[in-house]
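So the sequence lines, in the order shown, correspond to chains Z and Y.
Per my numbering, the very first residue in the first sequence carries number 76; after that it's consecutive.
Per my numbering, the very first residue in the second sequence carries number 76; after that it's consecutive.
Hints should not be assumed to be uniformly reliable.
Which copy is meant is left open, so a pair is good if it fits within one copy or across any two.
List of simulated lysine to aspartate or glutamate pairs, EDC-like, C-alpha gap at most 20 Å [to be verified]:
{"hint": "1", "residue 1": "91", "residue 2": "118"}
{"hint": "2", "residue 1": "91", "residue 2": "112"}
{"hint": "3", "residue 1": "83", "residue 2": "173"}
{"hint": "4", "residue 1": "83", "residue 2": "132"}
{"hint": "5", "residue 1": "138", "residue 2": "118"}
Calculated directly from the structure, the hints in this document are not laboratory data.
Protein chains: 2
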Amino acid sequence: MKEFFKWKELPGRIPKKGVTMKVLSGEKGMMVLFDIDPHVEIEAHSHPHEQMGTVLEGEIILKIGQKEKVLKAGDCYVAPSNTLHGARTGERGAHVLDFFSPPREDYK
Amino acid sequence: MKEFFKWKELPGRIPKKGVTMKVLSGEKGMMVLFDIDPHVEIEAHSHPHEQMGTVLEGEIILKIGQKEKVLKAGDCYVAPSNTLHGARTGERGAHVLDFFSPPREDYK
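Turn these sequences into a full structure, and let the hints guide you.
Printed below as a string of structure tokens:
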């Protein structure tokens, strides 16, 4: 297995309009770098994978369960397994680094 | 469980001189933000937890197994379970965001 990577060299995928994602998967966890344009909505969804992440740049409005919060660079979060969560961006868009445990098969 | 956090408000710990770490743990994974001073060596070690991460700022020389590489912001890596890995910083120090899966009990 390869050990070292550069985000800029990893292939990007567009899971929906306005969102580009890059995936680095291990056996037990998966990192996903999301680049989200302004004014994009990611509808509420849930999955058995635990999701935690950090906002690297920009601003995102994240809802986890019944709680919603505006997150900026340096803010972080945990969406437990099977918990509804969704997000939307405002004027700025966002770069977000997420970590899924276990890896999401649908992202491999 | 709380969902939203700010790295700057999380308590810092000093696992060794020149290293400050902040921990956000879930049930399945754990994020750890490391702030490493210049000229610090983290000796080679291994653990059953898979470790993946991204350099956010600065520069770190990371060795995973027999491969060593200088990593800068935007570079990322995977250290598989039970694989020896170590690191050192040069002139600049580094901010590194790591993910452990499962969470490290010794960091909780």
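Any hints from earlier that this structure breaks? Give me their numbers in increasing order, please.
none
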